[in-house]
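Visitor: The lines below spell out each chain.
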Amino acid sequence: MAKQKLVVIGNGMAPGRALEKLFELAPDAYDVTIFNAEPRVNYDRILLSPVLSGEKSFDDIIIHGDAWYIEKGITLHKGHKVTEVNRAARTVTSEHGETVSYDRLILATGSNPVIIPVPGHALPGVLTYRDLDDVHAMMLAAKAGGKAVVIGGGLLGLEAAAGLQAQGMEVVVLHLMPTLMERQLDPAAGYLLQKAVESRGIKVHCKANTHEITGTDRVTGVRLDDGTVYPADLVVMAVGIRPNAGLAKAAGLEVNRGIVVSPDMRSSDPDIFALGECAEASGQVFGLVAPLYDMAGVVARQLTGDATAAFSPQATATKLKVTGIDLYSAGDFADAKDREEIVLRDPMRGVYKRLVLKDNILIGAVLYGDTGDGPWFFDMIKRGIDISGMRETLIFGQGYQGGSLADPMAAVAALPDEAEICGCNGVCKGKITTKIAELGLTSLDAVRAHTKASASCGSCTGLVEQVIRLSLGESYNPAAVQPMCGCTDLGHDDVRRLIKAKELKSIPAIMQELGWKTSCGCAKCRPALNYYLICDWPGEYADDSQSRYINERVHANIQKDGTYSVVPRMWGGLTSAKELRAIADVVDKFAIPTVKVTGGQRIDLLGVKKEDLPAVWSDLNLAGMISGAAYAKGLRTVKTCVGTDWCRFGTQDSTGLGVKIEKFMWGSWTPAKVKMAVSGCPRNCAEATCKDVGVICVDSGYEIHFAGAAGLDIHGTQVLGHARTEEETIEIIAALTQLYREQGRYLERIYKWAKRVGTDSIKRAVIEDTARRRVLFDRFVLSQSYAQIDPWAERVAGKDAHEFAPIGTLGLPQAAE
Amino acid sequence: MNAKTSEWIDVGAEADIPLRGARVVRSAAGDIAVFRAADGSVFALRDRCPHKGGPLSQGIVHGHGVTCPLHNWVISLETGEAQGADHGCTPKIPVQRLDGRILLDAQAIARLAVPHG
Ligand SMILES: Cc1cc2nc3c(=O)[nH]c(=O)nc-3n(C[C@H](O)[C@H](O)[C@H](O)COP(=O)(O)OP(=O)(O)OC[C@H]3O[C@@H](n4cnc5c(N)ncnc54)[C@H](O)[C@@H]3O)c2cc1C
Ligand code: HEM
Ligand code: SF4
Ligand code: SF4
Ligand code: FES
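As they're listed, the protein sequences go chains B and Z.
Under the numbering used here, think of the first position of the first sequence as 1, with each following residue one higher.
Under the numbering used here, think of the first position of the second sequence as 1001, with each following residue one higher.
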């Protein structure tokens, strides 16, 4: 039977989910074509705010990468807006003239941001907040610094304001009502929120009625009805959304606020479904993903012939995604006559909780400051439990309930398998426990990767962790992230993220802002923080030598007797008579006891006294040698074989390439040591396939390998990709190194990093996405411009002289008589 | 300076030691590590880790402690004792700070020369 033709208009989160379900249920039923006005794949719109604030990149929020569409045989027209649906001919036509016929059509056009039609609303510099292009436009504007005005003090407006501020702009939020988020919060709580927002340096102006946006060629400011003027280089309108139903209306479908659908998600034309924010079901339109995902499931089942599938709206929960401000709301929290409220305020802790009850059933909850019980309340809302028995203590949360509920685990254990745990991604408890058992998952990240639970807005993380705990027993500790060290509860990744997001540029700033528990850290965290700062703020951050391990502080390797070993750089393992003569002279002059050839094709001088180091280096410098960095968490050696210069098997100039790589990359600091090698043919005499990065030359160019190790652990490398020229090889290796520098945890070798983040994500960034590769390469080059300073020469010239000489020498004092 | 008439020996200026750093005083009784903590306080210990003799002066100084460069024992600057699960102690030399100078207790240094334990 020929496949039916399914056409989808819009490629947002809702149809993405519907197609996923559809391919699960009936992989071969439909030939799918998608038109998307946005020129890109499906991504997690919820996570745009972390992208804006710099805490995530676009890559991090992609839901379906290009490979997914290829695998499923879907034709995706990116950047094609559909301008016409012809129901008689059963075709759709895009603005670029592409016409496709359909058997079934899904309209998933989302919604449009509301633009208030004040004078000046169309000026350049006035933006809305809806898609990645808006985020890019905001980030671009923020690069120039300057002032931003955000109109609208709801969830979206506040997230935009926090993001713009994180990008370095001076931000004012204008809000029409007397207090922020008046729908969720009562005035006192709105005030708490306003204070928290203002304490981050964002100005909030309530009761602000926008009169006009000023400017002639582009925006210059905003004038309010009361005459106040705020200068602005950028204005963001975040005042609400309106279902995007124009196309449907033009096609003659029934449209009210949104495209009207019956519970089976079909519009007034039974072959046309409407799905997502553009749809109006049971007289409601929706602006959160959880109900849209429910709709998606119904559409998928209807498409596979299940006529019983029906959509009915459920309560939803949401969370303000601004780092450092905890706000959670669930269900229906509007005031009404037949409702009662329970409110708790704790001004000292900055906590506010409001529960909305109707006939002794919890129907809504708003939590500020302490949101830990949010999922528990949400679960009660969804289950419609009569709370009369615990009314007195309800607001104190789960921990205060008597009986079996006193144990939070018992409450989770009591949930049925169908209970929904993650609203964003519609994951139920049973799915999580099954995957844990099937795949032997042991961490939150692994559960996220395999079930998507807690992978979007994150408000259900606590609940997911409890489910994991339930499955794995006490061995799983929901505090979960391994802290960097005893000085903090934060893990390496959180610290790295916050260094960027909060622009922390010194070790004391990190310790202050992130609440370190010790006065000045320890020997574990300080070297890590020092590295992160060097990597993240090249040229701005001044290395803190007191936070370096001794080898990196004195640029030599400490030995067990307190003497040092010195290894000069020999580019690609090449040396010369002149260098060897200088080395021999140094050995004689300083009576160096041992000279040894290392595993990395270098010469090691062992047993040098600390105070001799500067003089030894000075002599080696004079012969043209610099530090071999044999001590560094950085580029160490590039081993080579003799390649085409001498070897009858050689396919490329492996020695020359090794020298080029080493000259280009020396001096770079990395999370852990980086050793490389270049072999001239697959016989692989330079042993490139057990290195952090290795190159095997072949007739057609260069095969680039990575993630090998030959130490405590032994791993062969994996193939990263193939390059045709030396230049391309070097660009790929530098981009790989930069990605590792930015993502690696301190002391995490490349092979461990690759295992953690996944080889595919690395390949995508440095092989497939050549634009991203170039950006990484450029960042590496920038960083190198500050890094390539020979530490020996600096110290011969007097830097850190105190490191090498004793402060004083004493005779033997006599014991007092 | 005459060690016999003075109980305290001037070994240098505070400013010669970086904050969160250390310098070595060579003495006939063996090397002494002089530490300067982040808060400016100064401590002196025999420059030998109680574990396998590592040079504590080369370690990373944090709070009132130092992590030995050889196997990461953490030694208290206040007492010379190993912290946490490790056991051992290195002798401590009393320190005085006077007008930006660092003075060590001569008697304590002398006692280092006497084999003990
Ligand atoms: C910044 C931000 C933060 C948010 N945070 C949360 C949150 O924390 N929790 C939550 O539950 N929800 C949140 N939301 C809301 C959530 O993202 C949306 O409800 C959801 O993404 C809507 O999905 P959709 O598929 O209906 O529409 P969309 O994702 O809007 O997709 C519609 C797509 O259709 C395309 N399109 C429109 N017309 C045409 C046409 N004629 N031809 C071709 N293509 C067309 C559009 O370009 C768009 O890409 C947030 C939204 C934003 C913007
Ligand atoms: C049947 C196939 C699969 C099996 C048996 C499997 C098994 C595992 C196991 C055992 C782990 C380690 C769990 C842990 O550390 O606790 C893991 C982690 C992971 N898996 Fe899979 N997996 C499979 C398919 C996939 C697929 C298809 C993807 C991606 C789409 C994926 C992505 C991941 C990721 C990202 C992690 C890392 C999580 C972390 O580091 O914490 N896996 N997998
Ligand atoms: S790897 Fe190949 S080219 Fe290099 S020395 Fe060995 S055989 Fe020759
Ligand atoms: S293999 Fe062990 S003993 Fe040999 S140099 Fe390395 S760490 Fe030292
Ligand atoms: S010698 Fe100090 S820890 Fe081993």
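Honestly, I wouldn't trust all of these hints.
[Claimed, not checked] Below, a list of computed lysine to any residue pairs in the SDA-like style, where the Cα atoms sit at most 25 Å apart:
#1 B:K195 - B:N256
#2 B:K147 - B:S111
#3 B:K560 - B:G539
#4 Z:K1092 - B:Y69
#5 B:K660 - B:G539
#6 B:K524 - Z:E1081
#7 B:K5 - B:E20
#8 B:K3 - B:Y69
#9 B:K524 - Z:A1029
#10 B:K524 - Z:L1019
#11 B:K56 - B:D489
#12 Z:K1092 - B:L810
#13 Z:K1052 - B:D561
#14 B:K609 - Z:K1052
#15 B:K500 - B:T442
#16 B:K560 - Z:A1015
#17 B:K505 - B:R183
#18 B:K5 - B:S268
#19 B:K799 - Z:A1015
#20 Z:K1052 - B:D612
#21 B:K435 - B:E71
#22 B:K609 - Z:I1017
#23 B:K505 - Z:G1063
#24 Z:K1092 - B:S199
#25 Z:K1092 - B:T809
#26 B:K589 - B:D612
#27 B:K660 - B:A771
#28 B:K3 - B:V41
#29 B:K524 - Z:D1086
#30 Z:K1052 - B:G539
#31 B:K524 - Z:A1013
None of these hints come from the bench; they were simulated from the model.
Visitor: Of all the hints given earlier, name the ones this structure violates by number, lowest first.
Guide: The structure conflicts with hints 1, 2, 3, 4, 9, 15, 16, 17, 24, 30, 31, although it agrees with all the remaining ones.
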